[in-house]
Amino acid sequence: MEHLVCDSSVIVASLIESEEFHQRGLHYLIGLENSEYAFHMPMLVAIEVASAIGRRSSGNRQAILAAWHRNIEDWERDGKIVLYTLGRVRMEHAVVIAEQDRLRGADSVIAALAEELSLPLKTFDQEMQRRFAGASG
Amino acid sequence: MITEELRDHFGIDTDLEEFEEAFTEQHAAILEASSTALGGRLKAGKANLEEVETFLREFPDIPSKLKPQLLQFLRLKKGWLLNRIGRAEEALHQSQEVLKLNQQAPTAWSLKASALLQLGRFDEACQAFQQAYLGTKQLHNQNQTYLSTIFKGWSGCSLLWGLQGILQENQTDARAGVQEYLGTVERATAENLGSAVMVPLGERGSHSVPADIQAGIEELEVMVTLLSIDDPLERWRALGKEISKVWPEGITAVDAIREQRDREWNT
Chain A
1 MEHLVCDSSV
11 IVASLIESEE
21 FHQRGLHYLI
31 GLENSEYAFH
41 MPMLVAIEVA
51 SAIGRRSSGN
61 RQAILAAWHR
71 NIEDWERDGK
81 IVLYTLGRVR
91 MEHAVVIAEQ
101 DRLRGADSVI
111 AALAEELSLP
121 LKTFDQEMQR
131 RFAGASG
Chain B
138 MITEELRDHF
148 GIDTDLEEFE
158 EAFTEQHAAI
168 LEASSTALGG
178 RLKAGKANLE
188 EVETFLREFP
198 DIPSKLKPQL
208 LQFLRLKKGW
218 LLNRIGRAEE
228 ALHQSQEVLK
238 LNQQAPTAWS
248 LKASALLQLG
258 RFDEACQAFQ
268 QAYLGTKQLH
278 NQNQTYLSTI
288 FKGWSGCSLL
298 WGLQGILQEN
308 QTDARAGVQE
318 YLGTVERATA
328 ENLGSAVMVP
338 LGERGSHSVP
348 ADIQAGIEEL
358 EVMVTLLSID
368 DPLERWRALG
378 KEISKVWPEG
388 ITAVDAIREQ
398 RDREWNT
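Here the protein sequences line up with chains A and B, keeping their order.
Position 17 of the first sequence, counted from 1, bears residue number 17 in the working numbering, the numbering being contiguous throughout.
Quick note: to get the working numbering, add 137 to the position in the second sequence (first position is 1).
Honestly, I wouldn't trust all of these hints.
[Said to hold, decoys possible] Stretches of chain B that chain A covers, calculated by requiring three or more beta carbons in the stretch to come under 8 Å of a beta carbon on chain A: (1) 236–248; (2) 364–375; (3) 381–388.
Simulated from the structure, these hints should not be mistaken for laboratory data.
What you are looking at is a predicted structure, and each value in this text was computed from that prediction instead of being measured.
Idealized CB from N, CA, C, for every residue including glycine.
With the hints as extra help, turn the sequences into a complete structure.
Now the structure itself:
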């Protein structure tokens, strides 16, 4: 099993069929379910995904958010994803990453977790890939 | 707020009347033994609230061993009649009075559930339906017709709870109502009473409803479908199909996330 830090863009891409990175995103999600991958994510990612799909969906918002919520619960219960809080130590580490790699606030929180756990960061955001050495798509 | 009109649209009030009939049938023996004129009218479904109230006030001379049962039955009957004319708070009071004397009485829990349903207190109503179900299960000669009526009311109530959550954009209530519905379906199926469980509301409507409520009903059906999928990956694929239907053209996943992180992001 490969352990990864997963960015919100990977999760959202796996849901949108018309998206350029849909198949690649789905590959990670299928791998998650088949225990080929385990995702490590700041809790911020769960919030960002809920907000993105809730804001951008033009209908059935409550139904969509309920299903997202249920999947997060199931995957966390089954140990397929691990969610991390942002405490003082992580905050200080993220500040260092933000200064060092010139990342935006939320980007640096995700990148700092990858560095802390010594795990690859998966993201489809090219700016993150350019600025943070451990990131790839 | 779920209105009386909406309950009528989905036939919930008809279900409640069936409840009342099933309740009266269950107590047929008490009515026969009481040998009163009111007993005959109650059995025929013709007694009105005033008659029951007069009977309770004057309480004629009947065999003493029958008194507690008959009194309990008449209080509940009064509650059903009050519920029927929209005086749900008073009906709720009647159910609570009987529950003080007999905490297990499934028929008192059924009345309580129906009164709470009328009042739009769906979460409490579902708890009361559960108590009615558990109480009925404990009876040795459990009545399948009565159980079936409980499942019908319980499932309808849980769907209305979910619908109210959707209409009020209250995610907690919407999810809780749908989860309650799915739990009811599971229980009813285990009792071989799956056919008693209400189908999703859209298939029930006989009259037109306002567009926002119709949209809520359709969304409720989508939520029931998604949350009824046990396998997380299968649910994820189904979720992807639903999101793809309502996702704006030209917006990428990175755009949708980037706008969370960057106020200036222009999509």
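These are the hints, each one checked on the structure:
| no. | hint | verdict |
| --- | --- | --- |
| 1 | 236–248 | violated (count 0) |
| 2 | 364–375 | holds (count 6) |
| 3 | 381–388 | holds (count 7) |
Consistency with the previously given hints fails for number 1 only.
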